[in-house]
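Residue numbers (the numbering used here), protein chains in the order written: chain A, 1 to 345; chain B, 1 to 305.
Hints were generated in silico from the structure; no laboratory data involved.
Worth double-checking, as some hints may not be accurate.
Stated by the list, open to error - Chain B regions said to be covered by chain A (calculated; three or more residues, Cβ under 8 Å):
| hint | segment |
| --- | --- |
| 1 | 85-93 |
| 2 | 278-288 |
What the hints assert, rightly or not - Derived pair list, reagent style DSS-like, types lysine-lysine, alpha-carbon separation capped at 30 Å:
| hint | chain 1 | residue 1 | chain 2 | residue 2 |
| --- | --- | --- | --- | --- |
| 3 | A | K343 | B | K178 |
| 4 | A | K269 | B | K113 |
| 5 | B | K292 | A | K138 |
| 6 | A | K241 | B | K292 |
| 7 | A | K48 | B | K178 |
| 8 | A | K180 | A | K13 |
Only a predicted model underlies this, so the values are computations on that prediction, with no experimental measurement involved.
Where a beta carbon is used, it is the ideal one built from N, C-alpha and C, also for glycine.
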Amino acid sequence: MSSMTRAGGYAKKIGLTVLFVGLIVVVWAAVLFLAGANPVLSFVYIFKGALVGTSNLFSTLDLMVPMMLLALAVAIPGWAGVWNIGGEGQFLLGALAAAWVGISIDLGNPFLDVFLALFAAMVAGLVWSSWAGYLKVKLQINEIVTTLMANYIATLLVSYLVNYPLKEAGSSWAQTAYIKRPFQLHHLVGGSQFSLTFFISTGIVLVFFLLEKRTRLGYELTMIGSNERLSYLGGISIAAKRMVAMLLGGAVAGLAGGLVVLGNTYRMKEGISPGYGFTGLLVCLLADNDPILIILVSFLFAVLQSGSLNLQLFSDIPVEISGVLQVVLILFVAAFRIMIRKKER
Amino acid sequence: MNNLISTIYSIMIRSSTPLLLVALGGMFTFHAGVLNVAMEGLLLISAFFAVVFSYVTGSALAGVVGGIVAAVILSLLYSFFVTTLNANNFAIGFALNIFASSLTLFLMRIMFKGQNAFNSPKIAPVGKLAVTTGIPFLDNYVFNFSILTYVAIVLFFMSSFLIYRTSFGLRLRIAGEKPQALESAGIRSNVIQFKASILCGICCGLAGAQLSLHNVRMFARDMSGGRGFIALAIILISNGRPMPMLAICLLFGLFDALSVELQGANLPPQFPLMVPYIMSVLVLFVFYAREKRGQSKRKNSISRV
Chain A
1 MSSMTRAGGY
11 AKKIGLTVLF
21 VGLIVVVWAA
31 VLFLAGANPV
41 LSFVYIFKGA
51 LVGTSNLFST
61 LDLMVPMMLL
71 ALAVAIPGWA
81 GVWNIGGEGQ
91 FLLGALAAAW
101 VGISIDLGNP
111 FLDVFLALFA
121 AMVAGLVWSS
131 WAGYLKVKLQ
141 INEIVTTLMA
151 NYIATLLVSY
161 LVNYPLKEAG
171 SSWAQTAYIK
181 RPFQLHHLVG
191 GSQFSLTFFI
201 STGIVLVFFL
211 LEKRTRLGYE
221 LTMIGSNERL
231 SYLGGISIAA
241 KRMVAMLLGG
251 AVAGLAGGLV
261 VLGNTYRMKE
271 GISPGYGFTG
281 LLVCLLADND
291 PILIILVSFL
301 FAVLQSGSLN
311 LQLFSDIPVE
321 ISGVLQVVLI
331 LFVAAFRIMI
341 RKKER
Chain B
1 MNNLISTIYS
11 IMIRSSTPLL
21 LVALGGMFTF
31 HAGVLNVAME
41 GLLLISAFFA
51 VVFSYVTGSA
61 LAGVVGGIVA
71 AVILSLLYSF
81 FVTTLNANNF
91 AIGFALNIFA
101 SSLTLFLMRI
111 MFKGQNAFNS
121 PKIAPVGKLA
131 VTTGIPFLDN
141 YVFNFSILTY
151 VAIVLFFMSS
161 FLIYRTSFGL
171 RLRIAGEKPQ
181 ALESAGIRSN
191 VIQFKASILC
201 GICCGLAGAQ
211 LSLHNVRMFA
221 RDMSGGRGFI
231 ALAIILISNG
241 RPMPMLAICL
251 LFGLFDALSV
261 ELQGANLPPQ
271 FPLMVPYIMS
281 VLVLFVFYAR
291 EKRGQSKRKN
301 SISRV
């Protein structure tokens, strides 16, 4: 291909993308209008609530933490063609494990304490993802069903634990006691819960970006996902690699739970996740399993979510509008991607 | 004792009805070659619109029809993406499930100012087939269930007939197994798949109405509670064959009944609530493990020969 046509191709692609973004904005405006809001004002409220002022901006960035990691928890098994829908449950058990360590153990060194709690969170997520992964690779049981059932079981299990054995004495809420001081990560910016967790999670995403692009494991995983037969002929042990991918996904989701406990809530409680697992799934669908895109899409979704809180304050539109806007975006992007692919053929 | 059995039986029938309806719907797309992952969303959205239409018009029939229409629309959207655009069915299915979850929650907040649930005496429920014969067995075990239960039974026989005894059913199954064969006969397999997804929408619509207009008379956030996926598990286990599917639906209804009965016992409520989810994993495990053993036995016998 000559450089001329390539430049032409890029121009066309950029043109299409701009057209597409315009279309999405129009559709979003239509949704807001149907919901009885003034679309222009709504966009302004969302933008201001998410990005204007340090506390708003850093709250939005902080919201990206669970989103990025839970999207990554879908993406890593996704590279190998396995669906991990169980992020929510892995997140909850990770959060529980971190909280339990934070309540009952103290090594006397804040660094070691935090490390231990996060390690426990990862192990909890990993263990919880393991049985669904094992059933998938050993018996070919559909992992979508098992990981989804795992979410319900984990939610109920955690609900039992924070309502009975681990419940804070004397509290009327379903929650544990606060984790000890050394475990609590400081909030770095006043007016928001932004903390070290943002850098840890971004770092993890970047590590997995390198793993995907630069290591043998990453190559093998994406190869299994794109052509199972060829990778079998190439001598890759598909079952083992898929299991590893699932376990890594579980560990990352568990870590997300640990980070939210150590950086935001400082305790485990019922309803700690407002559906992070499914938001992560949406992020990953939109980012097409790509770690760098996961960071960008998480930012966009965090803007929508924290912005709609502001929208709810200033209008009659409930905060759940962000979920509707996100899915509308995903459906359009899916259609758009397919159109582009068909054209390229 | 007799009383307990009839209670468990009636809960079993009540809760296996939506499962059977959803599984029937999924059976159509399963045979047409599409594993429908959006059934959870179809169930939820129809449960919501059944309540809305029933509340606004005061008629249960209008509620059921409203639920069906909503489910069919969402099902067609799913089909458009999966069949026409050839998008990944799991990705679109999950996007639509989450869409149904956030849309129903959003609309509930706007329309009824409800927080996590909406109920009102103005919601007209789907009634029971009230027949009193004076014979306890007939009254307790045959009559007096939701009208939709009887609809489900009729639909069960109709769909078995449709799939295995009609030319439409034959084409449906060929669309799933060898679409090229259909194409070469000049029949477009995606038209068949669209028809299957309309049937799926209708069944899921009825199931949603049974959930929100009979089993309980309200709409609650995410009230489908994984039933769309339990139905998917049932379809996978039965491999889309109607009779085993019916049996497994009743089995899951029984698990639900046990869960309800155990909630009366002196136990933390979380454990009884886990029963259907744990059992669906266990049943999947038992079934697949048996099948795997069967396969390896067969392999061994061949190698010995």
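Structure-based check of all given hints:
1. Here's how the segment 85-93 of chain B fares: 6 of its residues keep a CB closer than 8 Å to some CB of chain A, so the rule of at least three is met and the hint holds.
2. Only residues whose beta carbon comes within less than 8 Å of a beta carbon in chain A count, and the segment 278-288 of chain B has 6; three or more means the coverage holds.
3. With a C-alpha separation of about 27 Å, the suggested pair K343 (chain A) and K178 (chain B) falls inside the 30 Å cut-off, and the hint holds.
4. Only pairs whose Cα atoms come within 30 Å are accepted, and K269 (chain A) paired with K113 (chain B) is accepted, the gap being roughly 26 Å.
5. Using a Cα cut-off of 30 Å, the hinted pair K292 (chain B) and K138 (chain A) holds, with the two alpha carbons roughly 9 Å apart.
6. For the proposed pair K241 (chain A) and K292 (chain B), the alpha carbon gap of about 21 Å is at most 30 Å, so the pair holds.
7. Annotation: proposed proximity of K48 (chain A) to K178 (chain B) is violated, straight-line Cα distance about 54 Å (limit 30 Å).
8. For the proposed pair K180 (chain A) and K13 (chain A), the alpha carbon gap of about 53 Å is over 30 Å, so the pair is violated.
The structure shown violates the earlier hints numbered 7 and 8.
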